[in-house]
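Residue numbers (this note's numbering), protein chains in the order written: chain A, -7 to 359; chain B, 16 to 297.
Wrong hints could be hidden among the right ones.
Ranges of calculated distance between the beta carbons of each label pair, as one might list FRET restraints [what the hints assert, rightly or not]:
#1 B:ARG202 to A:GLN19: 28 to 38 Å
#2 B:PHE125 to A:ILE2: 24 to 34 Å
#3 B:ASP187 to A:SER30: 10 to 20 Å
#4 A:ILE2 to B:ALA170: 57 to 67 Å
#5 B:SER199 to A:GLN170: 28 to 38 Å
Derived, one-sided and incomplete: chain A residues facing chain B with beta-carbon distance under 8 Å [what the hints assert, rightly or not]:
#6 GLY21
#7 ILE71
#8 ALA77
#9 TYR79
#10 PRO80
#11 ILE94
#12 PRO98
Source of the hints: derived by calculation from the structure; they are not laboratory data. The C-beta atom is built at its ideal place from N, Cα and C for all residues, glycine as well.
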Amino acid sequence: MAELRLDNVIKEFGEVRVIHGVDLKVQDGEFVVVVGPSGCGKSTLLRMVAGLEEVSGGEIHIDERMVNRVEPKDRDIAIVFQNYALYPHMSVRQNMAYGLKIRKFPKQEIEQRVNDAADLLQLGEYLDRRPNQLSGGQRQRVAMGRAIVREPSIFLFDEPLSNLDAKLRVQMRVEIRQLQRRLGTTSLYVTHDQVEAMTMADRLVVMNAGVAEQIGTPLEIYERPASIFVAGFIGSPSMNFVEGRIAADRQSVVIGQDFSIPLPQVTDAIQADQPVTVGLRPEDLHLTQESPDEASLPLTVDLVEVLGADTLLHGQVPHLDTLIIARLSGVPQVKNGEVVHLAFRPRRLHLFDRDSGKSLYYGQNAA
Amino acid sequence: MVENNRWVKFSSHLILLLGIAAVVFPIYIMVIATTHTGPALQRPPFPLLPGDQFFENMKLVLGEGLSTAGAPPVALMMFNSMVMALGITIGKIAISLLSAYAIVYFRFPFRMFFFWLIFITLMLPVEVRILPTYGVASSLNLLNSYVGLTLPLIASATATFLFRQFFLTIPDELLEAARMDGASPMRFFWDVVLPLSRTNIAALFVILFIYGWNQYLWPLLVTTDERYYTIVMGIQRMLNVSDTVPVWNAIMTTAMLGMIPPVIVVLLMQRLFVKGLVETEK
Ligand SMILES: Nc1ncnc2c1ncn2[C@@H]1O[C@H](COP(=O)(O)OP(=O)(O)OP(=O)(O)O)[C@@H](O)[C@H]1O
Ligand SMILES: [Mg+2]
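Same shape as in the complex, but just chain A:
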């Protein structure tokens, strides 16, 4: 059990800086997921925590110990790699026992721990097989087993599920989470899959180009994204963005030609005539009748995607030059080419500064 703390951690490969000062505190027993697009530095961050990559600046602490210069084996950390990295010539049992054997644990204890882990992971009958005689999911479990037999104070996972098929991925992510809860081990989990991130995390770190853009609970991040990047990255399909401008009286935002959306509350963060990017989640749009009372967007439907429980409408709104996607529950009777009217609650609106991309406003906390 341990607490992990990163203070302004920086990583440079030669001249190139890939991690630009990340601060993060993982509480004892917490499951923190780092999510971000490919190449944003997730693996690099994880590998620095593991000690496989040197830290160029800042400090990493495990509990009160500064570990920047501590060898990986002495950090009391176990890592599960994306491609599992099982020793191909060893049986499942030997794979799991190897770390303990090197640490000179007594034979009986090793036996005991391996058997316990095998029970926990339902690997009992495979203990004498080689990794190449196992399925992807089973290999994944062996990799987990190798991590848990050591009873480390921190688990690290680097996209451990990305080599599995969709169904197994769902199953394994539940298993990993249950296991982690049961063991209560502090964990840092890297993925580029936002569904995995949302469902597994106690807290989420959204990374972009070597910067932790936002850290918070999944719901916080979903409802109050701190920047356009976070808003667009979390949520599927991603948030609709349209260009707009704050009205002179700061009471509303104007998009397109003259479509005005009243703001539920005026805050000091916004100024009159300020250019903004307006964000609206597809799931916050709903069908409505055209009526003078309610503001609604006319959508010319280009494509209807029926997902079963939900339906996605893709289309254009006059005077807005971006594609708009709406996610409607059920299967509404809408045909291609038809014009439908979409309404939303102004409370669900997000406003971002057009230059910096930082969030200015979300209707949520106004209410």
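Chain A is already provided as a structure; the job is to place chain B with the ligands on it using the hints.
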């Protein structure tokens, strides 16, 4: 595209059979020759069926050797050849495994420089550097010794290069996993790299054993004492006799015995090969 007609089948088999015959016939002649007396082999026509002198010939070459030709008993020469071939093979494999491991897994000053230095020696086989090597061996007092027979042939760029290429294909994550497990570099080498290199080692063992067994020029130079003669040298000496006719039955028997160890090595290692190929690892 393979035409399935009778004529094509027949002719392709014919060609294959002719090819096999071309390879097998000299060996057959050799085996036949081991079963006849010397005079019987001198008289035309050359016998094509086995005779009854096999055990006599064996006794002659294994036990006594041919004093007229200045060749020691074959048993001793076989032993010498075995020491030389195994020494070269094991020495080469051990050294090149270690040097390839150093080059691939350690960062040290002039790493690439050393790699290229090793690589360049590929262009300098024994025959090219034989005189200076002889000079070194003699000033180190290595003439007429097993060390002298093996040591100068051990340094091997080929094997180092092959192992380097193989090590580069071992995924980095394996090393990282081992580091997390707490394995020291030598532990990783011993527990992971070595077992994974098994089939490569077997392949090189075969190649190097045959290379070592067939060495001729170098043993000829460094040995003057009969006690250190190898079998390849021995056969040559039996042939080059002055004043008398070569003792063909003894020469052929020696040659046949000389063929046996490489054949055994190939057969044994081939099993390991196939096993390695069937069990695709990684
Ligand atoms: N050894 C290295 N030398 C130089 N640059 C590197 C090295 N390793 C990673 N990088 C760079 O660092 C950046 C971050 O890489 P990293 O592997 O951490 O990305 P990631 O977020 O894990 O991406 P992915 O989701 O594709 O795994 C990339 O731009 C990459 O090119
Ligand atoms: Mg990665």
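Each hint, compared with the structure:
no.	hint	verdict
1	B:ARG202 to A:GLN19: 28 to 38 Å	holds, 35 Å
2	B:PHE125 to A:ILE2: 24 to 34 Å	holds, 30 Å
3	B:ASP187 to A:SER30: 10 to 20 Å	holds, 18 Å
4	A:ILE2 to B:ALA170: 57 to 67 Å	violated, 45 Å
5	B:SER199 to A:GLN170: 28 to 38 Å	holds, 35 Å
6	GLY21	violated, 21 Å
7	ILE71	holds, 5 Å
8	ALA77	holds, 4 Å
9	TYR79	holds, 6 Å
10	PRO80	holds, 4 Å
11	ILE94	holds, 5 Å
12	PRO98	violated, 16 Å
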